[in-house]
Amino acid sequence: MPDATELELTAQELHGADGAAILDTEFHRGRAVLIAHRDHIRPVLEHLHRKGYRFLASLHGVDYYPEEPRLGVLYEMLDMERVDRISVKVRLHTEDPRIVSVVDLFPTANVQEREVYDMFGVVFEGHPDLRRILMPEDYEGHPQRRDFPVGGEPILFTYNEAQNYGQWQ
Amino acid sequence: MASTDYRKREESITISSEPSGEGETHELLTLNIGPHHPATHGVLRLLATLEGEIVRDIKPIIGYVHTGIEKTAEDKAYWKAIPVMERMDYLAYYFNAMAFCGAVETLLGAEVPPRAQYLRVIHLELNRIMSHLVWLGTSALDIGAMSMFWYCFRERETILDLFEYSSGQRMHTRYIQVGGVFADIPRGFEAKLRRFIAEMPGRADQYADLLEKNQIVVQRLRGTGVVDHQTLLELGVTGPLLRAAGNPWDLRKAHPYSSYDHFDFKIPIGTVGDNYDRFRVRHAELYESVKIIEQALDGLPEGPYITTDRKVALPPRHELATSMEALIHHFKLVTEGFRVPPGECYYPIEGPRGEYGCFVRADGSAKPARVHMRDPSFVNLQALAPMVRDGYIADLIATLAMLDPILGGIDR
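In order, the protein sequence lines correspond to chains D and H. Residues in the first sequence are numbered from 103 upward in steps of one, following my numbering. Residues in the second sequence are numbered from 1054 upward in steps of one, following my numbering.
Hints in this document: simulated from the structure, not taken from any laboratory. Source: prediction; values computed, not measured. Among the clues, some could well be false.
What the hints assert, rightly or not - Cβ pair distances, simulated, as ranges:
1. D:251 to H:1262: 53 to 61 Å
2. D:242 to H:1090: 29 to 37 Å
3. H:1199 to D:141: 56 to 64 Å
To be verified - Pairs of lysine to aspartate or glutamate residues, derived as DMTMM-like cross-links and limited to a Cα-Cα distance of at most 20 Å, are as follows:
4. H:1420 to H:1195
5. H:1385 to H:1128
6. H:1133 to H:1416
7. H:1124 to D:231
8. D:153 to H:1287
9. D:191 to D:108
10. H:1124 to D:249
11. H:1420 to H:1362
12. H:1306 to D:186
13. H:1124 to D:148
14. H:1306 to D:183
15. H:1112 to D:249
16. H:1385 to H:1372
17. H:1344 to H:1317
18. H:1319 to D:183
19. H:1420 to D:169
20. D:191 to D:181
21. D:191 to D:170
22. H:1129 to H:1416
23. H:1124 to H:1389
24. H:1266 to H:1195
25. H:1124 to D:242
26. D:191 to H:1416
27. H:1319 to H:1258
28. H:1420 to D:249
29. H:1112 to D:231
30. H:1129 to D:249
31. H:1306 to H:1317
32. H:1306 to D:181
33. H:1112 to D:206
Ideal placement from N, C-alpha and C gives every residue a C-beta, glycine not left out.
Next comes chain D alone, as it looks inside the complex (with noise of 0.2 Å):
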């Protein structure tokens, strides 16, 4: 994990490309925490990729509600040889829920950005294949948003599937 001192070194060089594109950082129980703009994330990335974080080991969603922006999408990246980790945030608006796909950056980020768009409705722009991944495919909401009520849905038996949501005829 980089230190303090490294993650605002590193902030500070994004800053330097561009003035807006890191809006924060965190640092916290040794996790190293970049806050980047929505609009700046893939040179964000893409810097991160030279400077040798080329594995994404992970990209997930995450609702912060009732706090605003609520969601947030994060990606966890890792420098094999320096054997280094660093998290870029970005937070979204659930009125705006939009931002640019990284597939072509990290072809990992295919599925992983699909559950993050099944589970929260995050649309990434440019993604070659925004389907729901794990709900079926009629399914409607996003279930791992705060607000959205578990055990909301009627558990189906013979008498009330015609009601079923997904019912086909």
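Got chain D; can you put chain H on it based on the hints?
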């Protein structure tokens, strides 16, 4: 790519009656495999586009066993979330629990006593052997070796008996707790475990004798499903699949956790990155895991098996009758659970299939605000298409077996 005699002879056969290449006469067949099919190792559906017997494209369709575990965990206190987390990748339950507990411990800043770390390592490595045995047995079954299945499940039973002995459960043991482990190993466990680790290398030799000198197995595996390690890295593949392609990335060595740096073990790697290398790497890992268990058992430190921090771990039962404070701690932990200070953590560990990374976001309450498991099966499944493309459909089955996907982990 080194081609075997069998493949060379096969290539010399002209199949002029069958259409080949993109053209007017060319016809593609879309074949659905699964979701219920014994060779898909779970509820995996594959849409294969075939040209004759050649797979031109493949699309995995998943989500059939999605149970919303990440959502469920948000509604449970931290220590009550461990059992549901274990049910993600159902062959690697110790790893799921370890990744989750490690993340929570990092957020808490909790110290894990050395004895607990060693006990964790023993059980993690037993779990790794168990997972590889299930993989070996079922994969061998897929390519036609029936008896391997019984031999592997015989040894797996011994491991499950050991799990039962130390935790009371055979599967989904909930043995790893936040701050340590659930209980110290019982009397007699060490003797049983020593008997097992003395026996296991010989058994693994027998598997090698049965499979490595079996011409059907060698011909089915060698030279099929080759993908180079650069492509695998871009696809996010970790674990034995990446190591089979020659990249020695292993988090136990690269970024040791739970005192893995105390043990002397090797990282088996492959050279070509074909199915045979994948089989050999996992098979060699059986021996390395045995070595780690042996060292952990020899050097097992004395001391507590769980943190003495009463805010995190339950007080010993006998204190409840004499200490008011213990009673209060017990009551608070059982009713509300412990609170975790706000923060986020991503805790990666090396599991039998690659990097299990647990992301936990704490908001200061007794329940996690977000839990996410970066499951290696989910990410590794993307490598299936480059592995099987332009190969025979029969090789698809062998490649899928060597990929070792666990659908419980993929769908979560």
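Hints breached by this structure = Hint check: 4, 7, 13 and 15 fail, others pass.
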